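S.K.: For the sequence shown, the tail end lands on 570 under the numbering used here, and the numbers increase by one without skipping.
Just so you know, the hints here were simulated from the structure itself, not pulled from any lab data. If you're wondering where the values come from, they're calculated on a predicted model, not measured in any experiment. Be careful, since some hints might not be right.
Cβ-Cβ distance ranges computed for the label pairs, FRET-style [as the list claims (entries may be wrong)]:
no.: 1; residue 1: 297; residue 2: 517; range: 35 to 41 Å
no.: 2; residue 1: 2; residue 2: 43; range: 22 to 28 Å
no.: 3; residue 1: 190; residue 2: 215; range: 44 to 50 Å
no.: 4; residue 1: 283; residue 2: 75; range: 30 to 36 Å
no.: 5; residue 1: 75; residue 2: 185; range: 24 to 30 Å
no.: 6; residue 1: 241; residue 2: 481; range: 42 to 48 Å
No more than 30 Å apart at the CA atoms, straight line, and that leaves these computed lysine-lysine pairs for DSBU-like [to be verified]:
no.: 7; residue 1: 174; residue 2: 3
no.: 8; residue 1: 349; residue 2: 366
no.: 9; residue 1: 349; residue 2: 332
no.: 10; residue 1: 200; residue 2: 174
no.: 11; residue 1: 320; residue 2: 298
no.: 12; residue 1: 315; residue 2: 283
no.: 13; residue 1: 339; residue 2: 179
no.: 14; residue 1: 366; residue 2: 394
no.: 15; residue 1: 366; residue 2: 19
no.: 16; residue 1: 200; residue 2: 394
no.: 17; residue 1: 198; residue 2: 320
no.: 18; residue 1: 19; residue 2: 198
no.: 19; residue 1: 198; residue 2: 283
no.: 20; residue 1: 349; residue 2: 198
no.: 21; residue 1: 349; residue 2: 339
no.: 22; residue 1: 285; residue 2: 339
no.: 23; residue 1: 200; residue 2: 298
For glycine and all other residues, C-beta sits at the position ideal for the given N, C-alpha and C.
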Amino acid sequence: MSKTVSKIMVEALTEAGAKRCYGIVGDTINHLTDSIRGSDIDWVHVRHEEVGAFAAGGESYMTGELSLCAGTCGPGSLHFINGIFESHRNGAPMVLIASNVDRREEGLNFPQEVDQKSLYEQCSVFCECISHPDQARRITVQAAQTALAKNGVAVIVVNGDMFQETVHDDAPWKVHLAKPEIRPNEAEIDQLADMINKAKRITLYAGIGAREAKEALVSLSELLRAPIVHSSRSKEFIEPNNPNQVGMTGVLGNRAGMEAVADCDLLLCLGSDFAYTQFYPEKAKIVQLDRDASHLGKRSPIDLGLVGDVGDTIKALLPKLSARLDQEHLDKALQQWKKDKADYVSEAKSGNDLLHPQTVAHMLDKLADDDAAFTADGGSPMVWLLRHLTATGKRSFLTSLLHGTMANAYPQALGIAKAYPDRQVIAMCGDGGMSMLMGDLLTLVQENIPVKLIIFNNESLGFVEMEQRVEGLLDSFTELQNPDFSNVARSLGLDGWRVDSLDQLEGAMAQWLASDKPAILDVKVSRMELVMPPKIEANQVASTAMFGLKAVLNGRSDEVVSLLRDNFLR
């Protein structure tokens, strides 16, 4: 029986588990969208393709299942690229169908013609064209299989006229996914065990690769009396019900995590590709375990690099280790972690005339559901999420930590809410990120997606402003002239609340969370808040002082007073 290429592709993607396709309809994909209309796949009509890519990526990141995007030729497919880069870097399995002009016009600089393959090869794990109708199912299956197996983006480039071609679809190509056991060989396991048994102060650093190995990781920590430091992306699953976890290292981390890494004599990096070399220990031996050999020794010189799954490797390692009683290193880290948590609470205290963003985050932590899913924009909102929201074991978190983009929070939340319609989904938005992609607030209304958006409204590109000040520069070009976002929300069909003082916060937030519609909570927060690193260095204090001097000389002494009051005098 003959079938069109578009129908074959939709059938193959449905069989691979895809439930939704995000995009904007148009000429070169009209036959594809018509095939989707007659299938079990839900078409999600966004207003900007970048939002569609973020949404699909948010869905796939949380579910581990395939999601889809489809774009028209030229500008339509180009608009996806920032969201595609995000998923390529954070490991979300998705397929982008990027269409091109008809074959008879290809290579002739026809209007809207774009070489999609050369564009998307740099941000995908699979990128191929369907050049003959006979390839339709085979290439689509390979794309889906590669996306799921490698946790990344697969791109299929299709000319608009190809979708209409018919072919006998006889070969039963289908997706096959394997789950092999992966671990170092016995000699390498013995070498690792010997290094561990000889070390005195061991710290475990757990990344996203330890996602399925929480129980094994805690067992290793208990046996070695070793503190567990976690990467930002692994907060969700390492932090809950873990007696030996002590937070994060790095600029976004806390002192206990940073010192546990700096003070050890053996650091075990387990499933982590933490990028910042300056936060690795200078004198300790470092062992790195990763499923991807290309990650080994990429961020810091290491003493032993091993390829393996974290859970499989720990299982093989445990019988070769000696239990230890000395827990001075662990106790020191736990005591500092207790102090760090107390400091976070102290930072969240606000007066009625000055609302700190930490206060807002703590209130959100208190009122949000125990199984809520949270996203956060790049910049300061992701810091408030990582530092001030509690991982309960049921909550989910997603921020743009590897790509570092703006405007990701509510688009990713859109896709998550589509996948989990019965969960509370909350987007922590910066005012800069919110205003960058506001158009798809209409999608939340049109699709009736009850995402809750909280806007940390400091009328600036706050994280950039902080970076400029810490470097001793006068902040420049960061000011934002914002509307009342609650009024914008109501005019578009969302619910909206505005908070200008502490006494309004709890009541408004409770009403906002209780809304059965998409809703915005616009909170006016302190503009002068610095995102302080775990340990303030002398050069940072000097640079901030230099900003103060420049500000005074430029007639902005009131900002210096605010900076001191908000960050150093509370």
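S.K.: All hints are to be evaluated individually against the structure, with a verdict given for each.
M.R.: Do the hints match the structure? See the list:
Checked against the hint of 35 to 41 Å, the pair residue 297 and residue 517 fails, with Cβ atoms roughly 51 Å apart. A C-beta distance of roughly 25 Å is found between residue 2 and residue 43, which places it inside the suggested range of 22 to 28 Å. Checked against the given bound of 44 to 50 Å, the beta carbons of residue 190 and residue 215, roughly 24 Å apart, lie outside it. In this structure the supplied range 30 to 36 Å is violated for residue 283 paired with residue 75, their Cβ-Cβ distance being about 53 Å.
Restraint check, residue 75 to residue 185: a C-beta distance of roughly 51 Å breaks the suggested window 24 to 30 Å. In this structure the supplied range 42 to 48 Å holds for residue 241 paired with residue 481, their Cβ-Cβ distance being about 45 Å. As the CA atoms of residue 174 and residue 3 are separated by approximately 17 Å, the hinted pair is consistent with the 30 Å bound. Proposed proximity of residue 349 and residue 366 is supported: the alpha carbons are some 14 Å apart, at most 30 Å.
Annotation: proposed proximity of residue 349 to residue 332 holds, straight-line Cα distance about 27 Å (limit 30 Å). Simply put, residue 200 and residue 174 have alpha-carbon atoms about 51 Å apart, too far for the 30 Å limit, and the pair is violated. Restraint check: the Cα-Cα separation between residue 320 and residue 298 comes to about 28 Å, which is no more than 30 Å; the hinted pair holds. Distance hint between residue 315 and residue 283 is fulfilled; the C-alpha atoms sit about 28 Å from each other, no more than 30 Å.
With a CA separation close to 41 Å, the supplied pair residue 339 and residue 179 exceeds the 30 Å bound. The hinted pair formed by residue 366 and residue 394 meets the criterion: a straight-line CA distance of about 15 Å does not exceed 30 Å. Restraint check for residue 366 and residue 19: not satisfied, since their Cα atoms lie roughly 33 Å apart, outside the 30 Å limit. For the hint pairing residue 200 with residue 394, the CA-to-CA distance comes to about 35 Å; that exceeds 30 Å, so the pair is violated.
Distance restraint check for residue 198 and residue 320: the Cα-Cα separation of roughly 13 Å lies within the 30 Å cut-off, and the hinted pair is therefore satisfied. Under the criterion of a C-alpha separation no larger than 30 Å, the hint pairing residue 19 with residue 198 is inconsistent with the structure, at around 51 Å. For the given pair, residue 198 sits about 15 Å from residue 283 by alpha-carbon distance, which is consistent with the 30 Å threshold. Using a Cα cut-off of 30 Å, the hinted pair residue 349 and residue 198 is violated, with the two alpha carbons roughly 45 Å apart.
Proposed proximity of residue 349 and residue 339 is supported: the alpha carbons are some 16 Å apart, at most 30 Å. Restraint check: the Cα-Cα separation between residue 285 and residue 339 comes to about 28 Å, which is no more than 30 Å; the hinted pair holds. Distance check on the hinted pair: residue 200 and residue 298 sit about 26 Å apart at the alpha-carbon level, within 30 Å; holds.
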